[in-house]
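Colleague: Those protein sequences? They're chains P and L, same order as listed.
All residue numbers for the first sequence refer to my numbering, where the first residue is 1 and numbers rise by one.
All residue numbers for the second sequence refer to my numbering, where the first residue is 1 and numbers rise by one.
To be clear, the hints were calculated from the coordinates, so they are not data collected in a lab.
Even for Gly, the Cβ is constructed at its ideal location relative to N, Cα and C.
There may be inaccurate statements among the hints.
[As the list claims (entries may be wrong)] Pairs of lysine-lysine, DSS-like flavour, derived with a Cα cap of 30 Å: (1) K132/P with K5/L; (2) K5/L with K216/P; (3) K189/P with K201/L; (4) K23/P with K201/L; (5) K201/L with K80/P; (6) K188/P with K130/P.
[Said to hold, decoys possible] Computed, partial: chain L to chain P, Cβ under 10 Å: (7) P183; (8) F186; (9) M207; (10) S215; (11) V220; (12) R257.
[Stated by the list, open to error] Derived Cβ-Cβ restraints for the label pairs, each shown as a range: (13) I119/L with T30/P: 39 to 47 Å; (14) F20/P with P183/L: 45 to 53 Å; (15) I119/L with Y19/P: 22 to 30 Å; (16) P116/P with S149/L: 20 to 28 Å; (17) F20/P with P73/L: 45 to 53 Å; (18) P116/P with R265/L: 19 to 27 Å.
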Amino acid sequence: MSSVYNHSILELYNVGFQYFRNKKFINNLTFSVGNGEFIGLLGANGSGKSTILKLASGILKPSDGHVKLWDKPLQSYKNKDRAKLLCYLPQLLDINVPFKVRDLVSMGLYPYSIPPEITVDEALELVGLKEKSESYIANLSGGERRRTFIAMTLLQGAGLLLLDEPLANLDIKYQIEIQRLLRELKEKKNISIIMALHDINMASQFEKVMLIKDGKVLGIGNPETVLTGNLLKEAFDVGIEIKKLDSGETYISYPNNF
Amino acid sequence: MSKIKISTLILISVLILSTSIFLGPRIINPFKLTGAEKEILISIRLPRVIVAVLMGIALGASGAVLQGILRNPLADPYILGISSGAALAAALGLLSGTYLLGKFSIPLTAFIGASIVSIVVGAFGWKRGGLRPERLLLAGIGLSFLFYSILMLLISISSDESMRRALLWIFGDLSIADWSLIPYGFVFITAGLCISISRAKALNALMLGDELAHSLGFSVQRERLLFFASVALMTAASVSLGGTIGFIGLLIPHIVRFFIGSDNRVLIPVSAICGGAFLCLADLIGKSIMPPMEIPSGIVTAIIGSPYFLYLLRKRDVISI
Chain P
1 MSSVYNHSIL ELYNVGFQYF RNKKFINNLT FSVGNGEFIG LLGANGSGKS TILKLASGIL
61 KPSDGHVKLW DKPLQSYKNK DRAKLLCYLP QLLDINVPFK VRDLVSMGLY PYSIPPEITV
121 DEALELVGLK EKSESYIANL SGGERRRTFI AMTLLQGAGL LLLDEPLANL DIKYQIEIQR
181 LLRELKEKKN ISIIMALHDI NMASQFEKVM LIKDGKVLGI GNPETVLTGN LLKEAFDVGI
241 EIKKLDSGET YISYPNNF
Chain L
1 MSKIKISTLI LISVLILSTS IFLGPRIINP FKLTGAEKEI LISIRLPRVI VAVLMGIALG
61 ASGAVLQGIL RNPLADPYIL GISSGAALAA ALGLLSGTYL LGKFSIPLTA FIGASIVSIV
121 VGAFGWKRGG LRPERLLLAG IGLSFLFYSI LMLLISISSD ESMRRALLWI FGDLSIADWS
181 LIPYGFVFIT AGLCISISRA KALNALMLGD ELAHSLGFSV QRERLLFFAS VALMTAASVS
241 LGGTIGFIGL LIPHIVRFFI GSDNRVLIPV SAICGGAFLC LADLIGKSIM PPMEIPSGIV
301 TAIIGSPYFL YLLRKRDVIS I
């Protein structure tokens, strides 16, 4: 059980959090992320996806319970040391940042005094933006902008990526592109990823899904066991069925909702 | 490419600084100095150039920093109300007859006023355990209006001669510059500049948003507080040295960005140097163009700088902070 692969690198235990006094938003939240895991965090708008990622990254501090990174309390890390292990990418990326692609990506080196093995060019190569390295962020497409920020996190070299809806507002082409990129990175570099999303179809492609509602975990595990009609109805408040095609692919339908 | 641009900007600045001491209503040949000319150089021109340079450095650097932390291209060192607070304090000091400290009375009351206002603006801008850019900005604008209206009220009901002096000083008067204040100004402005330059990476990260700055390993609130403190220090020192001079804090960082981009590690020092050289040049023009009358430097900076800025604005594709 405690083999290297299964070792949990991030652990949230009995975590509670409130934005407003006397109104607990997150209560007794417990889960862990194993080394090399790629988890889809699925839930409706306002279900607490972003809050959970912010608690896990230390941007928000829990009112109860604890968050541990590599078995040590997250708050005990120095900012720079934490940044080398854990990286958070918010949902809304400012399109008006006044930097060129290359300059933004190289900001991933800020936590380091001695640069890590990967270079800016390699990171740009990995996300397929080498030709755009001298372009301004404001002049990129939505997908390219996402990939630029992902390249920055690659340079930062953290083993755990917390990505808040990296596929939001992107065309299906870019959604697939970024998913594929993340999977490749996970294979090549054994990175662990938690990715918030609200597309059930996308979630069904993950090895592991965590379904949440009102800051509580409804289910965690492989899509077959978590993405069931009952749990999805509870999470999204509409009737949903997951159907399997003969080819093995799945699709969702919304019977009796219209 | 940008290394050439940076070197050119610095070279021009150094050239302006090194020649402006010898130029003026009367041109002095540095290789044939008479005793009287030596006296003019040392007790009049040199302190004036140094004050102009220090103020320009303070304004250029704090403009760049403020536009970064407030994420607003319209921010300048005066938007936080620091200068209006300084002016009001100096005027109150003059009215209540604080001449005890001699020529130090205006700069000292101004510095105290600037420091108190910085703390008040900081307190208004503080929410949920940290400084919030949008609150800071609005608090500064609100307090500025309040202080300026009280100041105008004082001026309109007072016939005192000292009020006229206060007014002149408020609009930037370098003619009173002498050696006495330079050491204090130097210490505060250098301290603020060093803090800002040494934290320039953090400012770059803050421009990506608080959450990404956190993710890149910076303590967002601590960094923002440090930048605010260093801006307050530089602005207060600059206002005490020679009053409020517009344009430099707002537009010099933009002009520098046009040439070298927005990386604060380069932007802050280059804005500081260009601000210093530009104010020096403006002062030189202001005192040479119609001697013995002097045009206040604040007016000259705006008259030369604004058209050039507008020209650049038309020419460039990308505008940003």
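Colleague: Could you run down the list of hints and mark each one as holding or not?
Modeller: Status of the hints after comparison with the structure:
In summary, the hint linking K132/P to K5/L is supported, as the alpha carbons are separated by about 23 Å, within the 30 Å threshold. Note on K5/L and K216/P: the hinted pairing is violated, with a Cα-Cα distance of about 56 Å set against a maximum of 30 Å. Between the alpha carbons of K189/P and K201/L the distance comes to roughly 27 Å, so the proposed pair stays at or under 30 Å and holds. Between K23/P and K201/L the alpha-carbon distance is near 38 Å, which puts this suggested pair outside the 30 Å criterion.
A threshold of 30 Å between alpha carbons decides the hint, and for K201/L with K80/P the separation of about 13 Å falls inside it, so the pair holds. Restraint check for K188/P and K130/P: satisfied, since their Cα atoms lie roughly 19 Å apart, inside the 30 Å limit. The closest approach between the C-beta of P183/L and any C-beta of chain P is roughly 35 Å, which is over the 10 Å cut-off, so the hint fails. This hint is violated: F186/L has a C-beta 31 Å from the nearest C-beta of chain P, more than the 10 Å allowed.
Evaluation of the M207/L hint against chain P yields a held restraint, the C-beta minimum of about 6 Å falling below 10 Å. At its closest, the beta carbon of S215/L sits 4 Å from a beta carbon of chain P; the interface hint therefore holds under the 10 Å criterion. The closest approach between the C-beta of V220/L and any C-beta of chain P is roughly 9 Å, which is under the 10 Å cut-off, so the hint is satisfied. Taken as an interface hint, R257/L checks out: its beta carbon lies about 7 Å from the nearest beta carbon of chain P, inside 10 Å.
Look at I119/L against T30/P: about 44 Å separates their beta carbons, and that is inside 39 to 47 Å. Here the CB-CB span from F20/P to P183/L is close to 52 Å, well matched to the stated 45 to 53 Å. For I119/L and Y19/P, the Cβ-Cβ distance of about 29 Å falls inside the hinted range of 22 to 30 Å, so the restraint holds. For the pair P116/P and S149/L, the beta carbons lie near 56 Å from each other, so the given range of 20 to 28 Å is not met.
Roughly 34 Å separates the CB atoms of F20/P and P73/L, a value that falls outside the hinted 45 to 53 Å. The given range of 19 to 27 Å is respected by P116/P and R265/L, whose C-beta atoms sit roughly 20 Å from each other.
Consistency note: the structure conflicts with the earlier hints numbered 2, 4, 7, 8, 16 and 17.
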